[in-house]
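**Q** Heads up: the protein sequence lines correspond to chains A and B, in order.
The numbering used here puts the first residue of the first sequence at 472, with every later residue one more than the last.
The numbering used here puts the first residue of the second sequence at 472, with every later residue one more than the last.
Misleading hints may appear alongside valid ones.
It does not matter which identical chain is meant; a pair holds if it fits inside one copy or across any two.
[As the list claims (entries may be wrong)] Taking lysine to any residue and the SDA-like style, the derived pairs with C-alpha atoms no more than 20 Å apart in a straight line are: (1) K520 x G507; (2) K520 x G595; (3) K520 x D492; (4) K477 x N515; (5) K520 x A500; (6) K520 x G498; (7) K510 x L488; (8) K510 x A487; (9) K520 x T546; (10) K520 x A495.
No lab work stands behind these hints, which were simulated from the structure alone.
Number of protein chains: 2
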Amino acid sequence: MPAHSKRRPIVEAGLALVHRDGFARTGVAAIAAAGGAPKGSFYNHFASKDAFGLELLDRYFDDVRDALTTTVADTARPPVERIRAYFELLGELGERDAYARGCLIGNLSAEAAPASPEIRVHLGALFEAWTLAIGEAVADGQAAGSIRADVPAATLAGLLVDAWQGALLRAKVRRDGAPLDAVLAVLVPALLAPAAP
Amino acid sequence: MPAHSKRRPIVEAGLALVHRDGFARTGVAAIAAAGGAPKGSFYNHFASKDAFGLELLDRYFDDVRDALTTTVADTARPPVERIRAYFELLGELGERDAYARGCLIGNLSAEAAPASPEIRVHLGALFEAWTLAIGEAVADGQAAGSIRADVPAATLAGLLVDAWQGALLRAKVRRDGAPLDAVLAVLVPALLAPAAP
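Let's have the full structure, built from the sequences with the hints guiding it.
**A** Listed below in structure tokens is the structure:
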């Protein structure tokens, strides 16, 4: 079996391990083995653990994009509803996971950013793409008058992403969804509400 | 020199290492050596790496308390100003650090919570204590009419902490303070504003 055919199973299996245990804590031998490759073969498939980390993040961001596509990007619905639907979907995914793993992008930002400039820069690009997608719904709401227009859409979108990431950390520690519920019930309306006329 | 006299230097030096590099990535030999103890002596001082992690968090939380005491707990000032002063102080500390390390509590929530129930539970208690301290200023503001009173003070305080933690992650990845500035300029006023009469 040629080496490249093992890449995808290793990335898939490695994603599950790193999402559960963290990047530093997950060894390359365990990643290879989980993907059905010989333990010592990791570096036949990836130039370095950091190179693997970049592929891992891209693979994870495919799922982020899928979730965005069915919610935030669904322009048939009102903008605020699109944003709410997105975070509601993330909340359901978190609940299914008992809030154990959190977001891979947030986790790697906390743990891997100091050690690897490549991963840090790549995480920055993913945050940008993520904020941009939410920012489009915010801008649509600003144009429609349902979202405050005195703050740039990108700023509001960034704050939504940040509040969610922070709430995920606390949900992970508490193992309950109350911090996520509060973002949806209190923070989203407070942050996006148009100024009183 | 008796073993216990080395504990404090090891915790201090270990704090610097773990804050910079993460918990999983920092080995016990390096922690002992950084504290001036023989490399192999870590387990003479701490029952386990997790036990050391708990001490590390308490040591870090001493600094959190100091920052809270001079800002959020300064009841001579108006409540919203106390809250702003606290996050402004954290922003200055972040800037001094070029946003490289972020918050140890957030970092360990992301990376260590899945692996150690003791650390996870302890992180939960620190988040509670932290939220409680900020919640007191929120409650004072609610009583004075300067902060919305239709949402529990603890919920608003939790959202402030979460938004800050998430913004710290993005600041760390970007190596700039714009996400933190946005929390102060946009999120704090939007979240705390009393309902229009």
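**Q** From the Cα coordinates, with 20 Å as the cut-off, is the pair K520 and D492 best called within, between, both, or neither?
**A** both (15 Å within a copy, 16 Å between copies)
**Q** Between copies, within a copy, both or neither: which fits K520 and G595 at Cα up to 20 Å?
**A** within (19 Å within a copy, 31 Å between copies)
**Q** Reference check for the pair K520 and A495, CA-CA at most 20 Å: within, between, both, or neither?
**A** Both, since 10 Å and 15 Å are each at most 20 Å.
**Q** I want to check one pair: K510 and L488. Are their C-alpha atoms no more than 20 Å apart within a copy, between two copies, both, or neither?
**A** Answer is within; shortest intra-copy Cα gap is 15 Å, inter-copy 30 Å.
**Q** Measure nothing new, just compare the shortest in-copy and cross-copy C-alpha distances for K520 and T546 to 20 Å and report within, between, both or neither.
**A** So K520 and T546 fail the 20 Å test inside a copy (39 Å) and across (50 Å) alike.
**Q** Within a copy, between copies, both or neither: which one fits K520 and A500 at a CA-CA cutoff of 20 Å?
**A** Within one copy, since 11 Å is at most 20 Å while 23 Å is not.
**Q** When no copy is named, should K510 and A487 be tagged within, between, both, or neither for a Cα gap of at most 20 Å?
**A** within (17 Å within a copy, 34 Å between copies)
**Q** Between the shortest in-copy and the shortest cross-copy C-alpha distance, which are at most 20 Å for K520 and G507: within, between, both, or neither?
**A** within (17 Å within a copy, 31 Å between copies)
**Q** As a check of your reading, is K520 near G498 (CA-CA no more than 20 Å) within one copy, between copies, both or neither?
**A** Cα proximity of K520 and G498: in one copy and across copies (9 Å, 18 Å).
**Q** Are the CA atoms of K477 and N515 at most 20 Å apart within a copy, between copies, both, or neither?
**A** Within one copy only: 10 Å inside a chain, 44 Å across chains, cut-off 20 Å.
When held up to the earlier numbered hints, the structure conflicts with hint 9 and nothing else.
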